[in-house]
Amino acid sequence: MTDRPILFSAPMVRALLGGRKTQTRRVLEAYTPGMHLDRVGPTGWQFTGQGGLPRIPMRLKYAAGDRLWVREAFKPVHSADPALGARYRADVDRDQTIWKPGIHMPRWASRLTLPVTDVRVQRLQEINDDDAIAEGVDQNGATAGHDIDIDGGWWPGGPKRQYQRLWNHLNEARGFGWEMNPWVVAVTFTVERRNIDETAR
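Sequential numbering of the sequence shown, starting at -9, is according to my numbering.
These are calculated hints, taken from the structure and not from any lab test. There could be a bad hint or two in this list.
[As the list claims (entries may be wrong)] Here are the simulated SDA-like pairs of lysine to any residue, each with C-alpha atoms no more than 25 Å apart in a straight line: (1) K65 x L27; (2) K51 x D121; (3) K150 x G167; (4) K65 x G167.
[Unchecked claim] Using C-beta positions, here's what the derived DEER-type ranges look like: (5) A76 x M170: 32 to 38 Å; (6) N118 x G165: 22 to 28 Å; (7) A54 x R113: 19 to 25 Å; (8) R57 x E169: 17 to 23 Å.
By construction, the Cβ of each residue, glycine as well, lies at the ideal position given by its N, Cα and C atoms.
With these hints in hand, go ahead and build the complete structure from the sequences.
What follows is the structure, given as structure tokens:
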């Protein structure tokens, strides 16, 4: 069991808090378009480039039993009350606060813990409607958060189509758009509304 941080945007944090998000997909590290992935043993994977070379061994970053602590945009609060240690961007619609990016959130400020229950490796386009809904897209076509909408918060099509648009909104500029069909790790988890270092209630 490993504890590790995981970064989420404010709309995705709202989906976690609202009980609408229990999966996330992340592009596999070391993946570049055109590489093929082969399973090596029960827990290992290996990327193979064009022409069979080079072979790049890879271990998954996540495993069932791991605990993820959510990093999100925040602002430390200086107070004698330790319960008021931070404010969170996901809790505020619009204001003039200058938020610290989630990548800089320390472990003590995290308010969500995600125990990992399942990890799968797949091509992005293998996602099904149930998985898209678990990613925070609802059956009626609404997105998980209002900040990430492109067409006013409702995208026509089923859950998989909604997820395709959400994925492109978040990843296409990084070179991992839907059409590239990258290899991803699909992580399923439960959501606990507590800091990772707090005792479970």
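Any hints from earlier that this structure breaks? Give me their numbers in increasing order, please.
Violated hints (numbers, rising): 1, 4, 8; every other hint is consistent with the structure.
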